[in-house]
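Asks: The primary structure of each chain is shown beneath.
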Amino acid sequence: MIEVVCNDRLGKKVRVKCNPEDSIRDLKKLIAAQTGTRWDKIVLKKWYTIFKDHVTLGDYEIHDGMNLELYYQ
Amino acid sequence: MGASKKHRERGGAEAAEEAPGAAGTGSGGSAGRPREHRKHRHRGGERRGKRSRSRGERGGSGGGSGSSRRGGAEESGRSGHGRGGSESERRAKRERKEEREEPAPPKSAAGESSLSVEETNKLRAKLGLKPLETGPAKKEAGTKEEPVAAELINPLALRQREEIREKLAAAKEKRLLNQKLGKVKTLGEEEPWLDDAAAWIERSRALQREKELAEKRAKLLEEMDQEFGVSPLVEEEFQRRRRERYSARDLQGLTVEHDPASIPEGQTLVLTLKDRGVLEGGEDILEQAALAAAARAREEQELRRRRPNYDPYGEQEPGPQAARALLPQYDEPAPRPSFRLGPGGTQDAGGDPRPGPLPLPPAGPSPQSLELPLPRLASEYLSTEEMAVTFRKTRRRVRKLRKKEKPLRADDLLPTAPGDTQGDFGSRSRGRGRRVQEDEEGAGGDPENAPETPEGTPQAPLPSDDTRTENMEISSDDEAAPPGTPPALEEDEAEQELQQQLERGRRLRQLRELREGGGEKVLELLRGGSGGVPGGPDPRGGGSIVFNATSEFCRTLGEIPTYGLAGNREEQDELMALERAGRPASPPEPPDSEGEENVGWSSVNLAEERQHQDFSASSTTILDEEPIVNRGLAAALLLCQNKGLLETTVQKVARVKAPNKSLPSAVYCIEDKMAIDDKYSRREEFRGFTQDFKEKDGYRPDVKIEYVDETGRKLTPKEAFRQLSHRFHGKGSGKMKTERRMKKLDEEALLKKMSSSDTPLGTVALLQEKQRAQKTPYIVLSGSGKSMNANTITK
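From first to last, the protein sequence lines stand for chains S and E. Counted from 1, the first sequence has number 5 at position 5 by full-length UniProt numbering; the numbering is strictly sequential. Counted from 1, the second sequence has number 721 at position 721 by full-length UniProt numbering; the numbering is strictly sequential.
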């Protein structure tokens with residue numbers, strides 16, 4: 001289980017616990033549950049890399065405690 | 001850096017928790033304790049007590065305390081205010097939340113929200129995801145702060161394991177092979193009957209016995225068959241089978257697509273069926289693969305080599321090739337020689353092994369017969385076809401309405417008449433005079449008429465070249481005939497007219513010039529123009545001017561002044577003579593006295609001056625138009641200007657010079673404050689406002705102090721202070737620092753430019769653009785679009 005921090009620099013900062021085998025879509029759903037937006041409106045980025053929905057966190061090498069940027073589309 | 005600190009802090013706290021089992025908080029807390037700042041020790045102690053605290057919350061509060069430790073406002077999310085007192089009540093709130101398990105995620109001091117593990121698991125269950133895996137095994141051993149020694153990788157052990165594996169595999173393979181090959185007898189195996197006679201005898205006897213047994217059995221079976229009456233059936237069976245077997249007689253009638261002569265004797269060829277389309281009807285054709293390929297190759301080569309007959313003039317009769325007039329190289333190949341197999345699948349060797357008589361060489365141009373067309377009676381008239389062929393319609397060139405040019409003949413150039421070679425062609429000294437003499441004879445008619453018929457020319461010596469060129473008149477170009485030529489019959493009336501006109505013009509001009517010179521010219525004319533106008537080479541007299549190239553040239557140069565002016569000179573003398581004659585009262589004759597000489601000199605001077613004037617006037621003709629100086633003041637001024645005698649520079653604007661003395665000002669006075677010596681009087685004077693200071697009511701100061709940097713960006717307080725201190729201390733940051741700052745500013749600018757809903761390269765926008773262009777809701781990235789469908793897309 002890893003914990004990922006998602007910050008959108010506008011006041012929303014969320015810590016989400018998830019498995020490395022979860023996909024980004026699952027992570028987005030978790031984030032959405034915590035932030036109150038819709039999961040398909042969320043874009044997770046790290047500088048210029050947009051994380052795609054169908055790839056797992058392990059494949060993206062997202063480890064425990066990593067910060068992700070939260071954007072909206 | 002700050003982040004790492006936070007992590008460290010949190011990591012410390014987490015590691016404290018994550019120590020094996022959740023029960024070890026006491027020890028974990030003590031382990032984590034040294035990391036905490038002494039200031040917040042008490043808080044750590046309190047925290048230790050709460051077991052049910054979730055990790056996230058702990059981390060959140062730890063993060064909050066960590067940020068407070070740092071002191072500065074690093075992140076806006078971390079609110080440093082109200083930490084002290086509200087910490088405890090926040091903790092209480094958290095407990096309450098845990099108990100109630102509110103759906104809303106709790107927010108820690110730092111503004112984060114995180115769920116506990118149970119809550120997360122519930123959420124995941126709701127979403128349909130697996131519950132969280134809470135296993136320490138999943139995490140990597142140790143953290144950044146507490147590195148646990150990883151187990152040693154023993155290369156030796158690894159190698160041994162590999163070897164064992166290999167050996168096992170090899171043994172297995174060997175076993176399998178042996179099983180397979182075990183049945184095969186090796187050479188090394190001994191056959192007893194090979195060496196030993198007795199064994200061989202044994203063997204052969206055994207074989208014999210076997211055979212006899214087999215025969216007996218067969219006979220028995222036959223008898224049995226016969227008993228049952230089955231034998232004829234059996235026989236039939238065999239026969240049928242034999243009949244049905246495919247044999248040579250089945251090959252009867254098949255075509256073999258080769259020349260029977262090309263199949264060499266005594267050789268066995270394997271024939272195969274020729275390739276045919278599936279739907280093609282027809283019979284099978286046998287062919288030998290290699291021979292067929294060779295034949296095909298030969299055909300191709302032939303086609304490629306043979307180019308269509310190049311026949312640019314259409315000389316060759318089409319002949320036998322007329323059939324394949326159009327693109328013969330693409331026609332179907334000619335059918336190959338073939339033969340049919342006779343009965344029994346055989347065929348006579350047929351045909352000579354030797355090649356037959358050579359075929360006739362292809363006919364080139366068709367053979368021509370030697371028969372000529374029969375002689376016909378020639379017709380006197382051209383038939384229409386012949387007319388069309390032989391005669392071409394010509395165009396008549398429009399003739400110019402000019403008389404035909406007389407071609408220059410060699411005879412024209414001959415200066416000498418056949419009999420006259422000793423003619424005097426004129427000398428420098430005498431030539432002209434002679435000419436004058438002889439021309440005077442024929443002077444009258446010469447200018448009027450065209451060059452006369454040279455009646456006198458054969459008798460009198462021919463004029464020299466010079467004279468001839470001189471006498472050449474500048475007239476139309478056609479008329480290039482010197483006067484000595486044979487009579488020009490084609491002299492037009494127009495030419496004569498032209499000559500007359502020119503003559504008149506010349507005379508008029510001359511008259512004008514004479515008149516300009518003054519009344520003296522008129523007098524001269526009246527007196528008689530014959531002797532009075534000795535204008536240079538004027539052989540004809542009668543006031544006619546002859547132009548010749550050299551004189552004209554010289555005239556324009558100015559060396560030879562115009563005829564009129566030249567005449568003027570003489571006239572001047574005469575004028576002076578007249579004057580002298582006309583003014584008897586004028587100063588006495590020069591031989592009287594010197595004074596009179598002076599006067600006379602003066603008078604002469606005057607004349608000379610006038611002369612000079614005129615000369616000056618005349619001498620300005622060099623390479624320039626004659627300025628008409630005596631026409632008026634304007635002309636004279638123009639002349640002066642051209643000569644540069646006038647000053648045409650622009651007057652400079654008068655500049656006001658700085659006055660040496662200061663401007664006297666009407667109203668001012670210099671006050672000398674130092675003149676006031678005593679302090680008492682100074683005390684009394686009032687330096688300040690004389691007006692009352694009234695407070696402005698209703699004024700609310702709206703101070704907005706904005707600092708900007710050189711690019712115009714608004715500065716934060718920190719940056720503004722930095723700017724101020726730089727200015728105060730007189731020095732800025734060093735090279736490294738400024739570079740870092742620039743980089744940071746650039747990154748910020750880049751970040752601002754970044755679109756939140758798109759990649760920096762605008763990929764999404766591009767994709768949408770492409771979609772719009774293609775009018776499809778999808779984009780095919782690569783390959784063919786057909787391969788992608790719902791079945792192939794996997795997660």
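Bear in mind the hints are in silico, worked out from the structure with no lab data behind them. Any given hint might turn out to be false.
What the hints assert, rightly or not - Here are the simulated lysine-lysine pairs, DSSO-like style, with alpha carbons at most 30 Å apart:
| # | chain 1 | residue 1 | chain 2 | residue 2 |
| --- | --- | --- | --- | --- |
| 1 | S | Lys46 | E | Lys393 |
| 2 | S | Lys12 | S | Lys46 |
| 3 | S | Lys46 | E | Lys696 |
What the hints assert, rightly or not - For each label pair, taking beta carbons as the anchor points, the in silico distance ranges come out as:
| # | chain 1 | residue 1 | chain 2 | residue 2 | range |
| --- | --- | --- | --- | --- | --- |
| 4 | E | Asn154 | S | Gly36 | 36 to 44 Å |
| 5 | S | Asn67 | E | Lys704 | 29 to 37 Å |
| 6 | S | Met66 | E | Glu748 | 21 to 29 Å |
| 7 | E | Pro777 | S | Thr49 | 47 to 55 Å |
| 8 | E | Asn154 | S | Asp40 | 22 to 30 Å |
| 9 | E | Phe693 | S | Gly36 | 31 to 39 Å |
| 10 | E | Asn154 | S | Asn67 | 55 to 63 Å |
| 11 | E | Val780 | S | Thr49 | 31 to 39 Å |
| 12 | S | Thr49 | E | Ala170 | 45 to 53 Å |
| 13 | E | Glu719 | S | Gly36 | 51 to 59 Å |
We treat Cβ as the ideally placed atom computed from N, Cα and C, and that holds for glycine.
Asks: Hints first: check each against the structure and report whether it holds.
Replies: Going down the list of hints, with the structure as the test:
Of the pairs offered as hints, the one joining Lys46/S and Lys393/E is violated, with about 92 Å between alpha carbons and a cut-off of 30 Å exceeded. At roughly 16 Å between alpha-carbon atoms, Lys12/S and Lys46/S fall within 30 Å of each other, so this suggested pair holds. Annotation: proposed proximity of Lys46/S to Lys696/E is violated, straight-line Cα distance about 55 Å (limit 30 Å). Hint check: Asn154/E to Gly36/S, Cβ distance near 53 Å, so the stated range 36 to 44 Å is violated.
Between Asn67/S and Lys704/E the Cβ separation comes to about 35 Å, which falls inside the hinted range of 29 to 37 Å. Between Met66/S and Glu748/E the beta carbon distance is about 23 Å. The supplied range of 21 to 29 Å therefore holds. Under the hint 47 to 55 Å, the C-beta atoms of Pro777/E and Thr49/S, about 25 Å apart, miss the expected range. Our hint of 22 to 30 Å for Asn154/E and Asp40/S is violated, since their Cβ atoms are close to 50 Å apart.
The hinted window of 31 to 39 Å between Phe693/E and Gly36/S is violated, with their beta carbons roughly 58 Å apart. Take Asn154/E and Asn67/S: their Cβ atoms lie about 38 Å apart, and the range 55 to 63 Å is violated. Between Val780/E and Thr49/S the beta carbon distance is about 24 Å. The supplied range of 31 to 39 Å is therefore violated. With their beta carbons about 49 Å apart, Thr49/S and Ala170/E fall inside the hinted range of 45 to 53 Å.
Take Glu719/E and Gly36/S: their Cβ atoms lie about 36 Å apart, and the range 51 to 59 Å is violated.
Hints 1, 3, 4, 7, 8, 9, 10, 11 and 13, counting from the list given before, are not met by this structure.
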